Amino acid sequence: MNDDDKFFAWLDGELAPPEAAEMEAKVAADPKLQRLAEQHRALGAQLRGTFDPIAAAPVPERLQAALRPPAQVIDFAAAKRARSMPALAQWTAMAATLAIGIFVGTRAPQGTDTPVEAQGGKLYAAAAVNQALDSQLASAPAGDVRIGLTYRDQAGEICRTFTARAASGLACRSGGRWQMKGLFAAPEGQGTSYRMAAGMDPNLAALVGSTMAGEPFDAAAETAAKAKDWK
Amino acid sequence: MNPLSPFEDQLASLLPRLRRFAHGLSRDPADADDLTQATIERALRSKAQWEPGTRLDSWCYRIMRNLWIDTARSRSRKAVHEAPEEEGLNVGEDPREAIEATVDLKRVMAAMTRLPDEQRDVVALILVEGFGYREVSEMLGLPIGTVSSRLVRGRTALLAMVGES
Chain A
941 MNDDDKFFAW LDGELAPPEA AEMEAKVAAD PKLQRLAEQH RALGAQLRGT FDPIAAAPVP
1001 ERLQAALRPP AQVIDFAAAK RARSMPALAQ WTAMAATLAI GIFVGTRAPQ GTDTPVEAQG
1061 GKLYAAAAVN QALDSQLASA PAGDVRIGLT YRDQAGEICR TFTARAASGL ACRSGGRWQM
1121 KGLFAAPEGQ GTSYRMAAGM DPNLAALVGS TMAGEPFDAA AETAAKAKDW K
Chain B
18 MNPLSPFEDQ LASLLPRLRR FAHGLSRDPA DADDLTQATI ERALRSKAQW EPGTRLDSWC
78 YRIMRNLWID TARSRSRKAV HEAPEEEGLN VGEDPREAIE ATVDLKRVMA AMTRLPDEQR
138 DVVALILVEG FGYREVSEML GLPIGTVSSR LVRGRTALLA MVGES
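Sequences listed follow chains A and B, in order.
So the first sequence is residues 941 to 1171, counted in this note's numbering.
So the second sequence is residues 18 to 182, counted in this note's numbering.
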C-alpha cells in the first residue's frame, strides 16, 4: 500500500490499529494532510447528502410491482418437479408452433421479414428473432425482440427464450442455428405490450421447466456463452 | 393479497438502497429506475443461486453493477459521441428534483457522472453505500489494492471537479 492509499484507508477506517495510530500521528503533525482529510470528509458528506435523499424517497410503484406479480416469479425447480403433464406441454408447444408456422406462412411471402423459416420439416429462427438470439443479452433495452432466459437443456444445447411483438417462444441451438422449440401467441390485447415479457407465458414456462438442466445463466454466463457462439 | 416470501421481502427492503446505487451509476434517472427494475427481475430469476446466510445486499449490488456494465457497453457502442449534458440531469421523474438542491449537490452529481465507470462504481459503493474495501473487492472480484487505488483516483478527481468547499 503506498502512502496515498494508506492515508485514505485511514480516513475510511480501514487501517488496523497500529497502522491507524501511526497515520493519525502523521496527519496530526502535517497541516497539509489535515486539510486534505477535511476536504475529503466534506466530499463524503456531500456525496451522501446528494444520494441519500434517493434512498429516503418513496420507491416508484413500478419497482415495487416488479416484486409482486405472481406470473413473474417462476419457480423452475417446482416446475420441474411438477412434470406430471410433460406430454401435454409438449403437445401444446407443437400445436402453437404449428399455428404460428401456418400463420407466418400464409401471411407473409417467403423471403421477407418472417421471424421463422421452415427447413427439412423443422422451424428455425429468422430475421430479427434470429439476430436477437445470436447477439442480444437479456439486459439489453427492449427492442422489437426481447431476450429472457438463457440455459442449457438436458441434451447440453443452449436454449433461449424470447418475446417478439405478439408471441413468445423458445429456441435451442441445433446445427449452428436456432431451432424453434415452441412459439406461443400472446393473449388477446397484450400483443403490443413489451411489459408482458415480465410475466412468462405459462406454456412457455412449462416448456422451459421441462427442458432445463441446472439453472438459468446469469449475466456473466450469458456473455461468455455468446462469446463462444452459443456452443 | 399476495404476501411476499422471505426472499422477496428482503429484496423489497433493499429497494431504496439499490435505487440509490443505480442513481449513482447512471447519468439518467429513468435509466436508473430501469436498471433497478432489471436488477429485481434478474435477482428473482436467479434466486436459486443466492446462498442463504450470505449477504443478499452484496449479491444484488453485484447483479446491478454487472447489468450496468452490459447496458453501458451496448450504449457506448451506439452513442460514442453523445456526451451527457449536465442540464440533462433534471429531466424526467427525478427524485432528486424533490430535494432543495444546493449548488454544491448539483456539482457533486455532475462530477460523479464524469468519472470513469470503474471509478464511479467503487466511489458509490464505498463512499455512498458504505461498504468496506474488502466487501467491495469480493463483490467486484477485484484485488483489494485495485479497489483502493480506484477509490483514491475517483475521489481525488471528484474533489478537483467539485472544488474546495
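Treat the hints with care, since some could be wrong.
Output of the computed footprint for chain A on chain B, the stretches with three or more beta carbons under 8 Å from beta carbons of chain A [what the hints assert, rightly or not]:
hint, stretch
1, 28–41
2, 45–57
3, 71–77
4, 141–148
5, 155–166
Keeping only pairs whose Cα atoms sit at most 30 Å apart, straight-line, the calculated DSSO-like set for lysine-lysine is [to be verified]:
hint, chain 1, residue 1, chain 2, residue 2
6, A, K1062, A, K1168
7, A, K946, A, K966
8, B, K64, A, K1168
9, A, K1062, A, K972
10, A, K972, A, K946
11, A, K1171, B, K64
12, B, K64, A, K1166
13, A, K1062, A, K1166
Residues of chain A clear of chain B, computed beta-carbon distances all greater than 10 Å [to be verified]:
hint, residue
14, E954
15, E959
16, V967
17, Q1059
Source of the hints: derived by calculation from the structure; they are not laboratory data.
Bear in mind that the values here come from a model prediction, so they are computed numbers and not experimental data.
Note that CB positions come from ideal geometry on N, CA and C, so glycine has one too.
Do the hints match the structure? See the list:
no. : hint               : result
1   : 28–41              : holds (count 9)
2   : 45–57              : holds (count 6)
3   : 71–77              : violated (count 0)
4   : 141–148            : holds (count 4)
5   : 155–166            : holds (count 3)
6   : A:K1062 to A:K1168 : holds, 25 Å
7   : A:K946 to A:K966   : holds, 11 Å
8   : B:K64 to A:K1168   : holds, 26 Å
9   : A:K1062 to A:K972  : violated, 74 Å
10  : A:K972 to A:K946   : holds, 16 Å
11  : A:K1171 to B:K64   : holds, 25 Å
12  : B:K64 to A:K1166   : holds, 23 Å
13  : A:K1062 to A:K1166 : holds, 24 Å
14  : E954               : violated, 5 Å
15  : E959               : holds, 14 Å
16  : V967               : holds, 16 Å
17  : Q1059              : holds, 31 Å
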